[in-house]
Amino acid sequence: MYEQMSEMGNVLKNITIPDRVTGQARQIDVWWEFKAAGHTIKILVDAKMRKSKLDVKDVEEILALAKSVRADKAIIVTNNEWTLPAEIFANHEGLDFLVFSIDEATDLIVDGKWLMCKDCRNDCVVMDSDGAIEIDGLINWWIAGKCRSCKTLHINCQPCGDKGLAKVDETWSCVCNFEWKNLDNGYEFRIVNENDDLELLDPDQCEIIFPEK
Numbered sequence: 013m014y015e016q017m018s019e020m021g022n023v024l025k026n027i028t029i030p031d032r033v034t035g036q037a038r039q040i041d042v043w044w045e046f047k048a049a050g051h052t053i054k055i056l057v058d059a060k061m062r063k064s065k066l067d068v069k070d071v072e073e074i075l076a077l078a079k080s081v082r083a084d085k086a087i088i089v090t091n092n093e094w095t096l097p098a099e100i101f102a103n104h105e106g107l108d109f110l111v112f113s114i115d116e117a118t119d120l121i122v123d124g125k126w127l128m129c130k131d132c133r134n135d136c137v138v139m140d141s142d143g144a145i146e147i148d149g150l151i152n153w154w155i156a157g158k159c160r161s162c163k164t165l166h167i168n169c170q171p172c173g174d175k176g177l178a179k180v181d182e183t184w185s186c187v188c189n190f191e192w193k194n195l196d197n198g199y200e201f202r203i204v205n206e207n208d209d210l211e212l213l214d215p216d217q218c219e220i221i222f223p224e225k
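Just so you know, we're using the working numbering here: the sequence shown kicks off at 13 and counts up by one.
If you're looking for bench data, these hints aren't it; they were derived computationally from the structure. Note that the Cβ used here is the ideal one computed from N, Cα and C, for glycine as well. Careful, some of the hints might be misleading.
[Unchecked claim] Simulated crosslink set (DSS-like; lysine-lysine; CA at most 27 Å straight-line): (1) K179 / K65; (2) K47 / K85; (3) K47 / K65; (4) K175 / K47; (5) K175 / K79.
[Claimed, not checked] Cβ-Cβ distance ranges computed for the label pairs, FRET-style: (6) D31 / D196: 49 to 55 Å; (7) Q39 / V204: 51 to 57 Å; (8) G35 / V204: 52 to 58 Å; (9) G149 / V68: 44 to 50 Å; (10) N205 / N26: 52 to 58 Å; (11) R38 / D142: 33 to 39 Å; (12) D174 / D84: 38 to 44 Å; (13) G35 / P97: 52 to 58 Å; (14) N26 / T95: 39 to 45 Å; (15) P30 / G149: 20 to 26 Å; (16) R32 / G149: 52 to 58 Å; (17) I100 / V33: 33 to 39 Å; (18) R133 / L96: 30 to 36 Å; (19) V187 / N26: 28 to 34 Å.
Start from the sequences and build out the full structure, keeping to the hints where you can.
Okay, structure coming up:
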């Protein structure tokens with residue numbers, strides 16, 4: 013995973029960074045920096061391999077460390093799950109908290125899945141949502157992500173290569189005649205037919221609901 017990260021930016025291991033308040037040196041396992049739209053994104057990565065689920069104490073520990081060294085994002089890579097209180101606490105915090113299995117983390121550390129919001133340019137967008145639909149025997153898929161600050165939806169349509177944005181309650185269409193509508197807590201995917209009538213495809217599968225932050 014770290015080799016993939018280094019291809020996208022600079023990866024430092026086992027370093028110390030001064031605490032933003034006290035100036036005391038804080039030990040960092042992995043520190044990842046990369047450029048996006050002229051901004052430097054700083055990500056703290058911490059691996060917690062254990063038999064028990066991650067709990068609130070683990071979340072508090074990594075978030076406190078991330079804030080103290082001015083990290084933009086914090087990633088915990090784990091081989092297990094986490095408790096509901098840990099998830100609630102993490103979502104309540106202003107700093108993004110991402111917990112992945114090793115396979116999920118490896119999949120996400122690729123070019124194009126991290127970018128600076130092209131709308132507000134105040135936050136990093138993680139393209140961690142995807143979807144697919146079969147048309148005439150072909151799989152058409154996309155990746156998407158929301159800005160935490162302004163909630164603008166970013167979409168990359170893989171068949172046509174189009175990339176677009178949609179603010180909350182607005183839509184964006186690609187040249188494939190696929191349309192995405194940005195909802196407050198997720199998004200809807202539709203196909204626009206030749207008569208410009210909108211047909212929602214299987215609402216149970218096409219409406220993506222993001223966890224509350």
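Could you tell me which of the hints above the structure violates, numbers in ascending order? Going through the list in order, the structure violates hints 1, 3, 5, 6, 12, 13, 14, 15, 17, 19 and respects the others.
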